[in-house]
Amino acid sequence: SAEKRKAMLDELAMETLQEKSQHKEELGAVRLRHEKEVLGVRARYERELRELHEDKKRQEEELRGQIREEKARTRELETLQQTVEELQAQVHSMDGAKGWFERRLKEAEESLQQQQQEQEEALKQCREQHAAELKGKEEELQDVRDQLEQAQEERDCHLKTISSLKQEVKDTVDGQRILEKKGSAAALRSWFSQR
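With this note's numbering, letter number 61 in the sequence shown gets 61, and the count goes up by one each step, no holes.
Just so you know, the hints here were simulated from the structure itself, not pulled from any lab data. Among the hints, erroneous ones may be present.
Claimed, not checked - Pairs of lysine-lysine, DSS-like flavour, derived with a Cα cap of 30 Å:
no. : residue 1 : residue 2
1   : Lys6      : Lys24
2   : Lys124    : Lys106
3   : Lys57     : Lys71
4   : Lys20     : Lys36
5   : Lys135    : Lys124
6   : Lys36     : Lys24
7   : Lys56     : Lys71
8   : Lys160    : Lys170
9   : Lys124    : Lys137
10  : Lys20     : Lys4
11  : Lys20     : Lys6
All of these numbers come straight from a predicted model, not from anything done at the bench.
When you get a sec, could you build the whole thing from the sequences and use the hints?
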């Protein structure tokens, strides 16, 4: 009985020791598994953290690139805006010049029209004056022709008179010669009386 109790105690102690050993082994296994899990989680977190850092770095680079592009686009837009303002100023200036040229063109057209009217009026007056002068010249020419015809008639008349006088002188001379040949003064007087 004392031995039996001792044997039971020894057996209980052995079982307790085995349980402690088993529990210790299980606890070690749990700790090892936990440490492995912790290491796995840590590795996963570190990997995810690296990926996050890499994503952040890549996003920062992309943002920097976008910022550079935006700055370049802004400078380009500023240049384009300046160009647009310059072109608008040129268009405004050209509009002013266009108005000036249109006014000058209108003035030139009005002046040309007035000059044409004046030239047409002057040409009309010149034609009328020329027609009047031509009519006057024709009348003068007709007067000259009439005078020439009258002078021709007078010349013909004078020529007839001269011819008649010449014939009369010739007849007189011939008569004188006849009378002289006859030597009779009475016959000469008779002849003159006949004339």
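Evaluation of the provided hints:
no. : hint             : in the structure
1   : Lys6 to Lys24    : 26 Å, holds
2   : Lys124 to Lys106 : 26 Å, holds
3   : Lys57 to Lys71   : 21 Å, holds
4   : Lys20 to Lys36   : 23 Å, holds
5   : Lys135 to Lys124 : 16 Å, holds
6   : Lys36 to Lys24   : 18 Å, holds
7   : Lys56 to Lys71   : 22 Å, holds
8   : Lys160 to Lys170 : 15 Å, holds
9   : Lys124 to Lys137 : 19 Å, holds
10  : Lys20 to Lys4    : 24 Å, holds
11  : Lys20 to Lys6    : 20 Å, holds
Comparing the model with each numbered hint stated earlier shows that all of them hold.
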